[in-house]
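Engineer: Sequence:
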Amino acid sequence: MDRTNGTDPKPGTEGEGAPVVSRGVPEGGERDVASLYWEAFGRKLGPALDPPEAGQEFISAHLHHDRGITALVDGRVVGVAGYRLGGRGLTGGSAKDVLTAYGPFRGLPRLAVLALFERTPSAGELVMDGIAVAAAHRGAGIGGLLLKEVAAVAAENGCRRIRLDVIDVNPRARALYERHGFTAVRTERTPCLRGLLGFGAVTTMHRPVTAADAAARPEAQ
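In the working numbering, the protein residues as written are 1 to 221.
Please keep in mind that the hints were generated in silico from the structure rather than gathered at the bench.
Note that the coordinates shown come from a computational prediction; the quantities given were computed from them, not determined experimentally.
There could be a bad hint or two in this list.
Restraint-style ranges between C-beta atoms, simulated for each label pair [said to hold, decoys possible]:
1) 139 / 76: 15 to 23 Å
2) 106 / 181: 20 to 28 Å
3) 191 / 42: 15 to 23 Å
4) 100 / 181: 36 to 44 Å
5) 181 / 43: 35 to 43 Å
We put the beta carbon where it would ideally sit given N, CA and C, even for glycine.
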């Protein structure tokens with residue numbers, strides 16, 4: 001697993017070390033990643049994977065470890081960014097896995113909800129699945145470190161741009177993306193889904209990948 005040291009301008013908790021940005025989900029960190037994802041996206045994922053305990057267990061059991069960037073503090077995962085590349089994203093699980101976990105009767109409508117979140121990358125495109133940082137470590141620059149490493153992955157894989165979607169009820173995330181070079185290209189309004197998923201519009205954002213993204217990555221430890 002490749003690791004790069006990150007500089008934390010505002011430590012999340014007194015006495016803790018600086019964050020270390022790591023490619024991949026470390027063995028033993030699956031539950032931390034699932035918990036972070038659920039905290040960030042539980043309202044959206046709930047209709048498909050509720051109750052929360054079952055949803056987090058499903059995410060933890062079906063992660064693609066090599067499709068995530070994690071931020072570790074003292075060896076514990078406190079931030080994660082998932083991405084889709086080569087047909088796989090951070091969060092996995094087939095239709096059969098969903099039906100096995102929830103049963104045919106409850107599983108079929110859950111598959112319909114999950115289908116709403118499917119995003120297939122275009123040629124030369126890396127799609128981000130999401131980014132989540134533990135509450136105690138927000139405002140420490142971890143989100144920016146994760147995005148920087150995602151950009152390095154995109155550059156190394158010959159991608160020309162990064163794509164992500166941000167929902168209308170998450171202005172903090174949109175502000176983070178804009179600070180790191182993402183621009184909005186379109187907004188799809190889905191008022192009929194507000195009651196089910198908790199949001200009524202999704203904005204697609206793009207960021208070009210440049211040679212500087214690969215060159216800017218510090219030498220791996």
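Engineer: Give a verdict on every hint.
Structural biologist: Quick rundown of the hints versus the structure:
Evaluation of the 15 to 23 Å hint for residue 139 and residue 76 yields a pass: the beta carbon distance comes to about 18 Å. The supplied range of 20 to 28 Å is broken by residue 106 and residue 181, whose beta-carbon atoms lie about 42 Å from each other. Between residue 191 and residue 42, the C-beta spacing of about 21 Å keeps the proposed range 15 to 23 Å intact. At roughly 41 Å, the beta carbons of residue 100 and residue 181 sit within the given window of 36 to 44 Å.
Checked against the hint of 35 to 43 Å, the C-beta distance between residue 181 and residue 43 comes to roughly 27 Å, which is inconsistent with it.
The earlier numbered hints that this structure contradicts are 2 and 5.
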